[in-house]
Every structure is written in C-alpha cells, then in structure tokens.
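Engineer: Turn these sequences into a full structure, and let the hints guide you.
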Amino acid sequence: MSESILKAENLNAWFGPVQALKNIDLEFSPHSVTALIGPSGCGKSTFVRCLNRLHEEVPGATAQGKVILQGKNIYDVAVDPVLIRRKIGMVFQKPNPFPSLSIMENVVAGLKLAGIRRKSILMEVTERSLKQAALWDEVKDKLNQPGTSLSGGQQQRLCIARALAVEPPILLMDEPTSALDPISTAKIEELVVQLKKNMTVIMVTHNMQQAARISDKTAFFLLGDLVEFGETSSVFTVPREKRTEQYITGKFG
Amino acid sequence: MIKPPKRKDVRRADRVFFGVIRSLSALIVLALVSMGLFLFDASELAIKKNGFVSFILSSEWDPVQDAYGALPVIFGTVVSSLLSLLIAFPLSVGIALFLNEIAPAKLARVTGFLVEMLAAIPSVIYGLWGIFVLLPWLRVHVQPFLISKLGFLPLFQGPAYGVGMFSAGLILSLMILPTISSIAREVFAAIPRIQRESALALGATRWEMIKLAVLKSSKGGLFGAMMLGLGRALGETMAVTMVIGNRAQIVSSLFAPAQTMASVIANEYAEATSDIHLSSLALVGLLLFLVTFVTSSIARILIWRVK
Ligand SMILES: Nc1ncnc2c1ncn2[C@@H]1O[C@H](COP(=O)(O)OP(=O)(O)OP(=O)(O)O)[C@@H](O)[C@H]1O
Ligand SMILES: [Mg+2]
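Line by line, the protein sequences give chains A and B. The opening residue of the first sequence carries number 1 in this note's numbering; numbering runs sequentially from there. The opening residue of the second sequence carries number 1001 in this note's numbering; numbering runs sequentially from there.
Fair warning: there could be bad hints in the mix.
Claimed, not checked - Restricting the straight-line Cα-Cα distance to at most 30 Å, the calculated cross-link-like pairs of lysine-lysine (DSSO-like) are:
{"no.": "1", "chain 1": "A", "residue 1": "K22", "chain 2": "A", "residue 2": "K72"}
{"no.": "2", "chain 1": "A", "residue 1": "K142", "chain 2": "A", "residue 2": "K119"}
{"no.": "3", "chain 1": "B", "residue 1": "K1219", "chain 2": "A", "residue 2": "K112"}
{"no.": "4", "chain 1": "B", "residue 1": "K1216", "chain 2": "A", "residue 2": "K140"}
{"no.": "5", "chain 1": "B", "residue 1": "K1216", "chain 2": "A", "residue 2": "K94"}
{"no.": "6", "chain 1": "A", "residue 1": "K119", "chain 2": "B", "residue 2": "K1219"}
{"no.": "7", "chain 1": "B", "residue 1": "K1211", "chain 2": "A", "residue 2": "K140"}
{"no.": "8", "chain 1": "B", "residue 1": "K1216", "chain 2": "A", "residue 2": "K142"}
{"no.": "9", "chain 1": "A", "residue 1": "K119", "chain 2": "B", "residue 2": "K1211"}
As the list claims (entries may be wrong) - With the C-beta cut set under 10 Å, the calculated list includes, among others, these residues of chain B facing chain A:
{"no.": "10", "residue": "R1193"}
{"no.": "11", "residue": "I1194"}
{"no.": "12", "residue": "S1198"}
{"no.": "13", "residue": "T1205"}
{"no.": "14", "residue": "L1212"}
As the list claims (entries may be wrong) - Cβ-to-Cβ under 7 Å is the rule here; a few derived chain A residues that face chain B:
{"no.": "15", "residue": "L54"}
{"no.": "16", "residue": "R85"}
{"no.": "17", "residue": "P99"}
{"no.": "18", "residue": "A109"}
Calculated from the structure, these hints are not laboratory results. Here the structure is a predicted model, which means the values were calculated and not measured. Yeah, the Cβ is synthetic: ideal placement off N, Cα and C, and Gly gets one too.
Structural biologist: Okay, structure coming up:
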C-alpha cells in the first residue's frame, strides 16, 4: 500500500463536555474513495469536520490528537487553519451557494480568496470545474445569474464545482447526495469515481449501496468509535465485527 | 381521561384575542390619522398665506419680520442627520460585526447590553452632557485643531463656538448608534451558520468570511438599519435643541449654529404669539411628520424582507 496522504491519529473531539469522537485512527491513501458510514449521531460529520479544522469553529467545540496531512500535523499550534482549508475541499449536506454571488462568482470564490484575479484564468477554471461537476451544459448561458436560482441538485453540483475550482488534493463530502433526486445522485457518484484520478475523496453516506458502488475503503463509526475499517468489498461481504454486520444488514441504525 | 377541549371554546378564545388585537391596531391607526389631521388643520393658515412650495423653498426664517421660510430648518435637519449617519453607520456596523462574529459570547453579551443601554438614556440627559462635557471639550480641543488643519475647507471655518451643527451631529450619532447596531446584529444573526462555514471551508480568513458570507448578503437589511437610524435622527428634538445653537441659517461651516425642524418647534412654540407663527411651526411639524413616517416605513419594509 502506498504512503497515506491524510491520517488521523488518536483523534478525539468534544462538543463542550460531550465527547463525540473517541481515539480515532484512520488513514487515507492517495487516489482513493473512502466511505464513512454509521447510524445518525455516531460522529461522521464531526470526524470530517476535524479533518479541515472546521469543527473548532462551533462555539464550545474542541479537538485533540493529530491529523497528519502530507507529513505535517495540522493541529500543530504553528499551523494556520486557513491554509489547511485551501488544501482540503468540502461539500456539505445541504447545497449552500453564496446567495449574493452569481454562478460564476460562486465557482471562483475560492480562487479569489487565494488572490487570483485574472479574468482569463477565472473563466477557464469556471468552465473546467463546471464541466467536471457535470453542470456546464445546464448553466453555460447564465453564468451571471445568482447561484441560488438553480434547482437543489444543480446547486449541489455548483458547490462541488466551487470546491473543485481550487484543485484541492483532498475532498471531503458530507452526505452530498442525501437531498438529491436519483438522477443528480447518479451524476455525482459518477463524478466521484472520476475525481479519484486527481484527488482523494472522503465521503459520508447513509446509503449502503452508494458506499458499495463507489468507495474503495469503508469506515464504520458507532457512538463516536471507529468500529471497522477496511476494503469496501470485504466490509460489506465479510465484516470482521458483529456490529458492522448488524448495521449493514439493517438490524439497527 | 383528559377530555379534549371543545372546538367551540377554542374558537371563542381566538375570536376574543383577535378582537382585542384588532381594536388596538385600529386605535393606533386612529392616533396616527388624528395627528396628521391636527397638523394639517393647524398649518392651513401658513399654507394659504405663503403657499406650500414657496414655504419650503424660501430661506428666511425670522419671526420678528414675520418671515417664515422652511429651507434653513430643512437644511439643518438634513445636514445634522446625514452627519450623524456618516459617523454612526460605519461605527454601528463595526460594533455589530465585532459582537456577532468576533467577540467571545460573554463579552458580546455584556457589550451588547451596554450599547443597548445608550438607547434607554433620556434625550435631555444627552443634551445636558453635551452642554457641560462634550461642547467645552470640542470647543477647546477638537474644533481649533480641525480649523487649523482643515480650515481651508468651507466646512471647517469660522469661530469655534462649541454649539452648532457639528456638535448636534455628534450627539445624534451617539443616540442613533444603538438603533442601527441592534438592527444590524439582527440582520447578521439571520444569516445561516452554514454560509459562514462554507466560506471558512474554502479557505477564507475571518475577515474574508465576513465580507463573503455576512456583509454581501446583508446589504438590504443594513440599508434598512440605516434608514431607521435616519428616521430617529430626523425627528430627535431635545438633545439637538440644547446643542445646535438655534439659529435658522444656511451656512457652509459645520461649526456654525443651526436649527432643525424639530428644534425650531421645541424652541419657538411656547413663545409664538401670532397665528401665522404658530401655523408655520405646525407646517414644519407636518413636513417632519411626513418625512419621518416615510423614512421609517421604508426602513421597516427593508428589515422585514430580511426576516
Ligand atoms: N453543534 C453541536 N452541539 C452539540 N452537540 C453536537 C453538535 N453537533 C453534533 N453534536 C453531537 O455530536 C455527536 C456526533 O454528531 P455528528 O453530527 O458528527 O453525527 P453524524 O454521524 O454526522 O450524524 P448524521 O448521520 O445524523 O449526520 C452527536 O451525538 C450529536 O448530538
Ligand atoms: Mg452528519
């Protein structure tokens, strides 16, 4: 197995006094898709939000432990979370384009933050990202309309394009298809498989078939613990843990 | 066993409740209409004698000569209000951003409370403080400094009296600050958390997040907050009357005494003896009533739209 690109070591997270993650150790190898599964409230979102240091933005929330990104611990005191977040893209469960920005402005928002202003570059990146997100054909004639004028599924693909525009090596997706229709879902699944060529994808999902279809590895969380982690094919066919088997066969959760 | 209340009873409670609310609203509308009618009635003489338009456009207000032109007091009202907005608006937005987006929760609560307290201080106290503390300080330190540095501008010329447009604008800005900042805080609080998080997740610094996720989406609401502040500043009477110097004139210097629509009424109503003087003051009152009504309505509509 190749060297991991991102690695959580002994990661713990709290909301005030309540512990949401307990001693998580988890590695992600480059150009892989990892699915995070588990019943509601088990800490999947908390975990991905620890990976780009967004967790700590919630009032009262704290995290402890290490997350090694390309050899460096992002929880070192000297590390600026802003720079980390530019390397790790994120797509949220609910589509959330910036309401005051146009479709194009939404796509290039991250580039502008990084100081890129050249019109030709912005235009080029807009087209590339929207094509990647399978949205270009639907919006190419109305790039100046507000991002919120799109349908929910289109908005989510716009948010994916926004995350892809800065070409992050890692992409976090927290239930990106849970609010979408089957067609949009299929498009996004296809995209994720494509993205593997250029990046590492970590995706939370409640949909077992989806996890089985597109992921290389699967991690199963339960009550803040990482119960099982392995090749998706084996987790779904011959799980090592009784609790994993119960969950994926629908006995609880 | 608990019996569900009969449908009829529930309906009756509703009917009584809505009946009371409806009568109260009707009462408020009635009061508004009655004020408008009173002002209209009282100002009839002035309108007849001078004409509405020429009343607004003539620039001489001198009761001794029986000259009643409203332009100087309109000028005073507009300039003092704009001056106060110029100071209070950026300050209020800054305070609201600091309290909502940056300060730790505890500090935000305490500071927010103190700012809101500014709104609870009676206007006459602002006036007294202005006369005894602010004006002497402005006269001795601030105004001479501005005159020596910026005296080449018409805005900062002439003797430093202390009283005048500049002082009125300053006091007003302090008085409208809590209005604007509390509305601005509501506007910011209405922006969903996820908006801010998606900006942060894209690699925005705190300030960039504020620009991208907070300020850009709250333009309409902030404009409403500004209009509400303007509405307050236009009509504010007591404190302004105490510090503005009460001379109805149109001059370029902010340090010169001036007069506003509200302050001229407060100043002269008690001593006005001739019918035309009283009626002219009522006409100024009618103008002020209409202008503040329209300003505040626009403000309210803008703020509603945000929520
Ligand atoms: N803002 C918050 N404040 C306090 N506790 C929270 C907060 N967000 C989540 N929690 C708690 O932390 C735990 C983990 O939540 P998390 O959102 O990570 O679960 P999840 O696995 O993503 O669930 P879901 O599948 O429903 O999205 C839960 O017990 C939840 O109640
Ligand atoms: Mg979640």
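Engineer: Taking the earlier hints as the rules, which of them does this structure contradict?
Structural biologist: Those not satisfied: there are none.
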